Amino acid sequence: MLEFRHTSTSREEFEALVLPHLDPLFSAAMRLTRNERDAEDLVQDTCMRAYRFFDKFERGTNIKAWLFKILTNTFINRYRRRVKERSLVEGADRESVQDEFVSRDAADFAANPEQYFFDRLLSDDVLRAIDALPIDFRLVVILADLQEFSYREIAEIMDVPVGTVMSRLFRGRKLLQKSLRGYAEGAGVISPAGDPTDLNAFRRRRNNG
Amino acid sequence: MTCLELEPFLHPYLDGEFDAGERARVEVHLEGCPACAARVRSEQSFRRAVKRAAEAPVLAPPSLRGRVLAGLHAEDRAQRRRTRQKLAWAAAAAATLALVGGSLPWGRTGISPRQRYVESAALNHARGLPLEISRVPPENVEAWFGGKLDHRVAVPRLQRASLAGARLLNVQDRPAAYLRYEAQPHPDTAPRGVGLFVFDDLREVPAAPFPSVEVARSRGYNVAVWRDGELVYELVTDLEEPELRELLPPSPTGGAPLVRPASWTP
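If you read the protein sequences in the order shown, they are chains A and B. Under this note's numbering, the first residue of the first sequence carries the number 2, and numbering increases by one thereafter. Under this note's numbering, the first residue of the second sequence carries the number 735, and numbering increases by one thereafter.
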């Protein structure tokens, strides 16, 4: 089997194409690994694998998406095994996420200016909330909301159908919003939202507003 | 479009995944529905917060760039090494084929079997190992070997030489009788040591039957080889070949009686 031979030209081309993406790669790696040392190792491994398979990269296509695909695969194959998160991902959060919409009174929602509390959150809190997401949701939120990849690019990167990207993104964002609401309440940015079935809390909120 | 119909498309709409026509349909609904419009504003507020967080710079440490560049360099070197190794393997494989193909008569070492026995005899003679039996007549030496080897040992009567003693000593992996003589080709020179190995061999060592005697050189010694039936004789000495030939017995055993040790059975 013939191996891809690196020439000085391909080395220069690689450096020119890849090095500008070190910051975004490291930023995503930080969110994935949640510590600087693992993040550096992950980016280093990603770059080495990218270099080894540089002949597989179709010139003229999106190098950033290609690098993020390698980053994602490297992370899943190597780093994720250490973190026993998967069992938490499936099942548990699904129902609570979907309940929220159904139980919310649309008119009340529209009247409540606190719905725009997100604008008043600290970036550090948002990042902390993202870091706390289960990995499948975290990955898709990182790719969509932090790196601003399109659904199709994310589907390509994660090697799943676009429909899976959409449902994971929907659920991931709902979880994120839920935990941000917790931050906001803790910081006094908004008053605690009562249980929707708690009529007294509902009336109190009405009277105050 | 109803609120329920909009629900699954809210995110794609906000994420900019819709084309102009799809966006227009969503916006028509939003204009007439304050609840959905409020939800859109809330989602936009959420997106702004995440975008702000995303813009908070998380920069790769400067050392990482250096690490990556060093990694690329190391990878280039490793690849050149792998390439060289592959070439070396290919060359070695080709050389092995050539060697095997070119040296079939004598196997891989390129040395004939007889030469290996010649060298082994010269080497073991040169070691000068102590004798196990000495200062006794040849008959006693022949008796001493009885039962120690699978073959009988007749001590050849060498010309102008006397038996000094004997011991067991291998030639290659063959157990052999080793006889040591003191030879004095000329009366006015000092006696010289001569070793004689006797071992049994059916076919492997190519040696002509006595009285034909071939002389080969190894490690500064002359080694004379001859065969008597199933026994091979190797005589090792630092004497020159003409003097060596003068030592040879008139017959394989030099006319000595063939003594059968009591323990020997055919």
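These are computed hints drawn from the structure, not numbers from a lab. Please read all numbers here as calculations on a predicted model, not as lab measurements. Beta carbons: idealized from backbone N, C-alpha and C, even for Gly. Incorrect hints may appear among the rest.
Below are the DSS-like pairs computed for lysine-lysine, each with C-alpha atoms no more than 25 Å apart in a straight line [claimed, not checked]: (1) K785(B) x K179(A); (2) K820(B) x K57(A); (3) K70(A) x K785(B).
Here are a few chain A residues that sit away from chain B, every Cβ distance over 10 Å (derived from the structure) [what the hints assert, rightly or not]: (4) D56; (5) N74; (6) N78; (7) A145.
**Q.** Violated hints - listed by number, lowest first
**A.** Hint 7 alone not satisfied by this model.
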